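Numbering (this note's numbering), first residue to last: 1489 to 2296.
Be aware that one or more of the hints could be misleading.
What the hints assert, rightly or not - In the EDC-like style, the derived pairs of lysine to aspartate or glutamate whose C-alpha atoms are separated by at most 20 Å in a straight line are: (1) K1665 x D1644; (2) K1665 x D1517; (3) K2263 x E2253; (4) K1665 x E1628; (5) K2094 x D2124; (6) K1665 x D1707; (7) K1665 x E1695; (8) K2094 x D2084; (9) K1665 x E2283.
Calculated from the structure, these hints are not laboratory results.
Note that the structure is a prediction, hence the values are computed from the model and not measured.
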Amino acid sequence: MDVLSRPAGPPLTVLTGPAGVGLTHALGDLRGALTRAGRPVLQIRLAPEDRDEDWYLVGRLLSGLARQPARPIAGTGSRLPTEPTGETLARVLRDEPDLVVLIDDAQCADPRSVAALLAALPGLTGTSVRCVATWRAGAELGTPTAGEAALAMQADLIRFAWVRPLTAAATRELAGKILQANPHESLAVPLSRLARGRPAAVHAVLESYGRSGTLRVTDRNAFLSDPDALPRIPEDHALLRPITRLTRDVRLVACALAALAPLGQAAPALIADSLGMAGVRVYAALRELRRGGVAVLSASGWQVAVPAVAIALRDALGPYRRARLAQVAVEAIWSGHAHCADPEYLPDQVAAAGTLVDVPAAIMLLREHASGAAVTAPAAAARWWAAAAAMSGEPADRVEALLSQAGVDLRTGRYSQAGTAVRALLDGYPGDLSPAARAEARMIAAACAASPSSVVVEQIVPDRGSEAGDSRRAATAVIDRLGRTLVLGDLIGAERDLAASDLPASAIPAPERCVRDWRAGRWEAALEAAMFSTAADLLRGRPALGSVVHRAAAEILLARGRPARARTVLAAIGPGHVGPILPVVPAAELDWMLGDVTGASRTVDKALAQATQGAAEPGLDELWLIRAELARNRGDLPGAWAAAGRAAAVAAELGTELAALHAATARMVAAGESDDEVLVRARALNQPYVLARTLERMVRWTGHEPGSLAEAYELLGDLGALLHRSRVRQAMREHALTMPGRSRTLAESELLLATLVADGLSNRELALATQSSEKSVEGRLTRLFTRAGYRSRVELAAAVLAGAFPTG
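With the sequences and hints as input, model every part of the structure.
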């Protein structure tokens, strides 16, 4: 706009950039700004077929200005504009003061019209008339026209503005606006890679993920349930329009290029070989693809400009042609005629070629690459193991490949795929399974379909001479044992097992990672892993671990001032859940914090009544602790002692340090006297939140060591536990303890109040949660609105949810 308003500015501005970068959108934004500024606008959009009709663009321009001098064309009934000189065209445009002509896809303009417009530019210098055109990068000008354009540039009659592809950050921001949610790494990373900065491709990929159901939005965060899923863009999508206009031969070259481009400089010759097409025709097609913005030529060779488009082109290939292209690629690499830097390309092409290549060599390669990628690229490893199984003729080899695939799927949280594979093994190959293989398959099936505590790892017997099998089974056993240990609350044992294994922390599945981070105090990472586990449906068939994941998410949300969202997480578990105890703990605390002590007692009593019918399970000890606190709160000391006794019995049955702590704490609550054993046990667990709550309970129920509240306050601050921290702060005031700086405390209190408002709490609930009166809440809200400039709860909630609430 600034350039267009300068009297001495160039009469023509050309917006240029790669196809799909948003040139048309930019021109639309410019038109809107010009219209709002009151300037007259004439917009013309061109199509590829317009290039073949002489004077088409000039005719559209003069028609739009109602200045079309015409002459009849002999032998036809049509009328076309007379051939105007540049001076004539300039005079017509000058008669429209402040006019801005917008030409979209100017690379499709006919050469005569382009020459006339270039000749008109000198006559527009110094006037208020401006032209703005979009020109896709890579499109070519005819030789005469190119010379005229060069002269115009030398005379400062043309200004070029390059519209660059979006950065990764800008791509993420655009996706956030489209989805009205924050894109998680599982979505943002593949989206940036597939769209390569083209807004049109961003829209197409997100639409595809939405149709397939792999795009999930949870708590205003957008996840890709399978980060390795590929977008499927329909043939009639606008992103693929440049391809649908091409001839059949050029489309075939485009599809072949999508498959063979990773082979670099060797790709054109291989395309010619696979299609049975002369090299000259292939290069002509490639140049046509570049003119259309579909392909680009770089130092490494020809490639499809946008990876998402390349995927669509490969999808358009039939099964045989896809296998034939893969065969050509594999044989070129094996013979040394081509090379590829992408380590996944060759095994993927071997898998696609199937029996068209040397089968024994293919199986060996697939097994080798799958073994090496089990940790660094587990999705690819599972893909290659599946291909090796399909190509294997020997039942024993097929069993080993399928077990390996199932093991990789299990370790990456693909429980459904892993369970399906091992059940097929157990049902379809009973006579081909060794004792160790049968035990491994059953273990994987159990880990996928039942509580981790039901899996007996010690039953696995190693196969002689099968180091790969032993390694795979060891990794599977580590994941299984890690899940069981974390469910029981033994973080130190889990870390010990992990350190003793060869499994890196990056290979831990999301549900186990969530529980590990939650107990270790890495709450941000834990909440992210919990949301991803839910969005990716990784908790299906894992009731015990699923209970802990839901409990972790609900506890974090409640502690951070989002009780309504915590309640939603707990409700998502659904009726009939096999592990009901652990999620009851935050549910009871939630009711108690919001003043519903009766509801909290009812929730606890119901869960305890159900639990007494079976064996002790993790969380039952903590539930008896809460029962003791509720009894003590209403002055029922016998009830508190009875609950403490039941907690001790459960702890003895479970035999874990966490259960022993809860039993000791329940005894402390009932006795009303401090117990050194409680703090010793709490510190030994190395779990920050457990220690903070233990310190808080000790002061609350015994009155001893009030100075320890300062330690609890700092621990909760590191966790971002705003709601619990505000309650500790209130307790510190009651014990006349020194408080942190007033400004810091005020800012934190305002943030908590704003968070609770955004979560939908009423004034009464706000008062209960913050341990104040409704009148006090009303006054604090009024001051908050005045200071921050918000006019309503809706505006305040929107700012909090968008992360725009001022905390300083």
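Hints, one by one, checked against the model:
no.: 1; hint: K1665 x D1644; result: 38 Å, violated
no.: 2; hint: K1665 x D1517; result: 17 Å, holds
no.: 3; hint: K2263 x E2253; result: 12 Å, holds
no.: 4; hint: K1665 x E1628; result: 35 Å, violated
no.: 5; hint: K2094 x D2124; result: 19 Å, holds
no.: 6; hint: K1665 x D1707; result: 15 Å, holds
no.: 7; hint: K1665 x E1695; result: 14 Å, holds
no.: 8; hint: K2094 x D2084; result: 16 Å, holds
no.: 9; hint: K1665 x E2283; result: 18 Å, holds
Checked against the numbered hints above, the structure violates hints 1, 4; every other hint is satisfied.
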